[in-house]
Amino acid sequence: MLLWLIPVFPLAGFAINGLFGRRFPKAAVNAIAIGSVLLSFLWVLKTLAAAAPLNAAVTERYFTWIQSGSLSIGCDMTVDRLTAVMLLVVTGIGSLIHIYSIGYMAHEGGYYRFFAYMNLFMFFMLTLVLAANYLLLFVGWEGVGLCSYLLIGFYFDKKFATDAGNKAFIVNRIGDFGFSLGAFLIFKQFGSLDIAVMSAHAAGAPTGMLTAIGLLLLLGACGKSAQIPLYVWLPDAMAGPTPVSALIHAATMVTAGVYMTARSWPIYVHAPDAMQMIAIIGTATAFFAATIGLAQNDIKKVFAYSTVSQLGYMFVGVGVGAFSAGIYHLMTHAFFKALLFLGSGSVIHALSGEQDMRHMGGLRGKIPWTFWVMMCAAVAIAGVPPFAGFWSKDAILLAAYAHAPWMYWAGTFTAGLTAFYVFRAIFMTFFGEYRGHHHPHESPAVMMAPLVVLAALSLAGGVLFKVPDYLSAFFPAREAPEDMSLMAISTAAGLIGIALAYLMYVAKPALADSFAASVKGLYWLVYNKYFVDEVYDAVVVNPVVEGSRAVLWKGIDAGLIDGTVNGTGARARDIGSFLRLWQSGNIRSYATWVLFGGVLLIVAMGLAGGAR
Amino acid sequence: MDASTAFYVISLIKILVVFAVLMTTLAYLQWIERKVIAHIQVRPGPYFVGPHGLLQPLADVVKLITKEDLLPPYVNKPIYLAAPFIAVSMALLSISVIPFGPKIDVFGYQTYMQLTDLNIGVLFILAVSSVGVYGVALAGWSSNNKYALLGALRSSAQMISYELPLSLAIAAPLLISNTLSLRQLVVTQGGAPGHPGTFWNWNLFHGWQWISFIIFLIAAFAETNRVPFDLAEAENELVAGFHTEYSSMKFASFFMAEYANMITVSCMAVLLFLGGWVAPWPAKYGSGLVPVAVFALSGLIALYHGLHPARRMDRFSLPVVGVVFLIVAAVFLAPFTQSWLLPLFWFCAKVGLILFAFIWVRGTLPRFRYDQLMVFTWKFLFPIAVMNLLVTGLVVALV
Amino acid sequence: MQQVPQSWFLVLSALLFALGVAGFLFRRNIVTVFMSIELMLNAVNLSFITFAYQHKDVGGQLSAFFVMVVAAAEAAVGLAIILTVFKNRETLNIDDISSMKN
Amino acid sequence: MDVILFLIFAAISLVCAVNVVIQPHPISSAISLIGVMGSLAVLYLLLGAEFIAAAQVIVYAGAVMVLFLFVIMLLNAGRETAQSKSETAHLLGVPALLVFALLLAYFLRQRPEEGVHFGGFTGGSAEAVGRALFTAYLLPFEVVSVLILIAIVGAIVLARKEI
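Protein chains in written order, with our numbering: chain Z, 11 to 622; chain Y, -4 to 394; chain U, 19 to 120; chain E, 2 to 164.
Possibly wrong hints are sitting among the right ones.
So the derived label-pair ranges between C-beta atoms look like this [unchecked claim]: (1) L75(E) / D567(Z): 50 to 58 Å; (2) D64(Y) / N111(U): 36 to 44 Å; (3) M382(Y) / L75(E): 29 to 37 Å; (4) G579(Z) / N111(U): 32 to 40 Å; (5) L15(E) / L76(Y): 17 to 25 Å; (6) V57(Y) / D114(U): 15 to 23 Å; (7) D114(U) / T123(E): 45 to 53 Å.
Here are the simulated lysine-lysine pairs, DSBU-like style, with alpha carbons at most 30 Å apart [stated by the list, open to error]: (8) K58(Y) / K141(Y); (9) K169(Z) / K518(Z); (10) K374(Y) / K141(Y); (11) K105(U) / K141(Y); (12) K74(U) / K374(Y); (13) K518(Z) / K539(Z).
Bear in mind the hints are in silico, worked out from the structure with no lab data behind them.
Cβ coordinates follow ideal geometry from the N, Cα and C atoms, glycine included.
Just need the whole structure built from these sequences, with the hints factored in.
Have a look at this one:
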């Protein structure tokens, strides 16, 4: 089926643009970058059409990558229904965002570099999705991390951008560490890293082992998908260009953790403790991130915390055993969050780089297209029926109720918060009086076209693509009874959130400030993001840095290692200065010594009986 | 006579015959060269010693032998004496593996028209010719004369440089024939057994092997230090090059070596590219009559000129020549000579053709400048030879 | 037909090698010293080919072949070095070339 | 016949080798060395290494030694002067050399005797050598080709006028 072509198209695009893009005109860079992603998308469609209905996984082995003892790892790619969903999301959304980037990046420097990195990201993301074993998955996993780092730090002349890139990379290291250990344990337990082998034998493995594997993989997923306690990098990652935020930090890469845990479902269903942990982390992340989102003024920061919160939802879905609901939410979230980011990008573009919502307002009439598509995304994320977010969020919440009612209530409350902060952002941006001093202008058609497509998907995607039905045979069935009253409650929470936002930011704008003043302490805490970064600095970062400086550098490196090396050198010099008396500088005397040694050698060999 | 005795006797006879013929050929090649160049330059050439100067080589030999053998006092004597010996013996040594014809019957004993058949014959010739450089180099150095030294350096550098394209050009037909034995080489060009082929089977016409042939010829001119590559003895720069100080028989040795080398490379060209002693087309289509026709025609022309003499002497000499030629033509018709004389005729005819090309070029082309010479081989001939060999190897491997 | 004992070849090889060593040790002209090295290499080649005969294995001959190739490369570089040394120091005496000392 | 051939060419090679060492003039040494190589080529033929014998003459005698001659001619290397600076070479070298040669010869004589006669080993044809070279010994062959490339570059760099 030539699965390898899917990731190789973007790789070729990367190679061409990365090597020669500097000399190409923009049109050529565009054609190569977008053409390669579109080709990849079309190839995905063709492959899936050929493989339909895809009841069983199709695996292709290209070559044996590592062969050592009992360890045999192939470069294998597999496609099944889960992969199919992910492939469509990644290549489809990826294509749209690439097209959008033509307009957004038109006036930026390093144009070819941006598209080369984007293509490289597509390559690694598709490798991650297609991988049939954990090692290849890890390659994609690390690769997308690398591209994330490169693209966050795309404006490398700005210090906060490079710092944010470093932060993302380093925080992800912690998660990757957990992932690696998990993979080692998988190999130890199953004797193979193949996902198929793992799935086949997971039922017979000891629960303790599975729990350990599950928790370690969860650590990896937390890093990649920005969950508590490793979520801190994602809000900072907004330093990158907005299409990057949309593609990598909303639609695709950050969902890799969800995808990975869903892909490892055989482990989790036999390790209920690990699953419970996922659900708790998801719930907590969803709630806390949503509360932080309430008080942010940077439009991209709001959506960043929203992303963290929504990822929490997906974890809840996976954690309560509703894997298909999690993937469902992953897909719808990709639609409306990509749209939110791209829309906010359009706003920022319209205001020539302004990101602070306090300097916006009243843009509804000035950039109407952007307003309407943003509205589509907002109603979708707020869970207004029958739009995309409603279906997937509802599936998760129903499953959560079946698992543990308090999670449902936490989720529902979070849904209300979500609706509130999203509409707060919408209202602050588009309603009221214009508070800025730029002259807003509508974005070009090349940016608007993808937005319109995404808007349509946000509105109708939930109904059109019934992922839980498609995946029902793939994951173990976890029947959650349809419960109209629960659906009504969660929907109502969303509507209440919207209404409160309207009240505070459109109807009576003064109410927001007075409310904030009334709960001053709480607001201050939330506004400063619970001081998590500061706490991490104090508890983790500074001790490590200081410890490295004092003990590792000054003590061990400079004292012990350098001392040993220098001491060895000094002793060698001492011995050499004695031995150099022998060195007459006369080649023939050297040769004589060589001959002498040869004679000794022959004598020794003769005595040992070696000359036969 | 048992087999081994017969082997020794026959080998001895062959050596004697080949040596005698070769020596005569060397002497007369010189005469032919002078004649041909003279006619190219529209002058008669040697004329007075014997009819049409036919005895001129004999006179030259007598002159060279009887001349005083000068030994300059400042030379390095042993090496000075050894150098011409090395040159001429190496030149003659390579003749020993050249096959002149197929297997023949001599009084009931089967033998090859060849002194010895090595299955690395081609390598042997390369090896011997590479040793031949020493004759030149040592002669130049030991003469203790700056002209000689410069000539020696030049010609040995030239010979080493041109040996590369030469070897590469040789390798291409070897790849096609898949043998290193000179005899096998001819056999593979002769068509399938029982179905004698035409000249189209020769390596020369095998694909683009004419390129190899041309490279071979150019390199061969340089290897033998012939015009247009005779820088070693560029009279107007270096007096007489490496043999400036040599006289008498030692000088003659170098001369012999040069002509023997010419014959060797001509034989190589014929064996590698022109099908050796194989007739250009099968005997059943009348190739056996070609020598008869050639000799008979020449004899008749000579007779005609004898009847209408331009000078007094022609009245006797030309009819004699004509009759001899007619007799030779008759010999070619005799059935018992066909098996060995015809191949020999074709071999000699082809070698003669190449030798004529040597002389022709000498009569027409000017000399290269030294830097042009080196640039030509390293930057032009060598890359082409490499490419040619690579492509040939590829094609041979694929087909 | 009488046969040559194999050890004769090897002893010949040893003697040639020893002569090469002697040349290396006792000659002062750098070119002659270099030629002594070539002599040693040739001696070793003879052993290789004798061993190839003994084991009826062409590998020994290939070793000799590689030695030859390496010797050719070595000669090219070595002689270039000798030329450079002579250009800079106007001497071929190996005892005079001792700038590595001190 | 084989014994006679061996003795003749062994004698030639030994005499030439001695000549290499004792001739005062480098050019005489070089010519003697060519003699050694030529007689060794004959011995190679005796041992069934016909390709190597040809290569010996072509490569060693035809190329390497010509280079030597060239350099000797270019530098106009004269006779050696008699004085020597190395005491070690004479004091330690002579006895060590003697012991070395005797020991080597002694140990080599210990080997099981086996006769060598012409035609006893026919695996040295150009075809056999080529086949081995391009199958079992392909890697060394390629490495050696790289080595030659390096040598070419090195020689050119060294021989350039401006260093």
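A quick look at each hint next to the structure:
The supplied range of 50 to 58 Å is met by L75(E) and D567(Z), whose beta-carbon atoms lie about 56 Å from each other. Taken as a hint, the range 36 to 44 Å holds for the pair D64(Y) and N111(U), whose Cβ atoms sit roughly 38 Å apart. In this structure the hint that M382(Y) and L75(E) lie 29 to 37 Å apart at CB holds, the actual value being about 33 Å. At about 36 Å, the beta-carbon gap between G579(Z) and N111(U) stays in the expected band of 32 to 40 Å.
The hinted window of 17 to 25 Å between L15(E) and L76(Y) holds, with their beta carbons roughly 24 Å apart. Restraint check, V57(Y) to D114(U): a C-beta distance of roughly 55 Å breaks the suggested window 15 to 23 Å. The hinted range of 45 to 53 Å is satisfied by D114(U) and T123(E), whose Cβ atoms lie roughly 51 Å apart. About 28 Å separates the Cα atoms of K58(Y) and K141(Y), which keeps this hinted pair within 30 Å; it holds.
This hinted pair does not check out: K169(Z) and K518(Z) have alpha carbons roughly 39 Å apart, beyond 30 Å. In summary, the hint linking K374(Y) to K141(Y) is supported, as the alpha carbons are separated by about 29 Å, within the 30 Å threshold. This hinted pair checks out: K105(U) and K141(Y) have alpha carbons roughly 20 Å apart, not beyond 30 Å. A hinted pair counts as satisfied when its Cα atoms are at most 30 Å apart, and K74(U) with K374(Y) does not qualify at roughly 43 Å.
A distance of roughly 26 Å separates the Cα atoms of K518(Z) and K539(Z); the hinted pair therefore holds under the 30 Å criterion.
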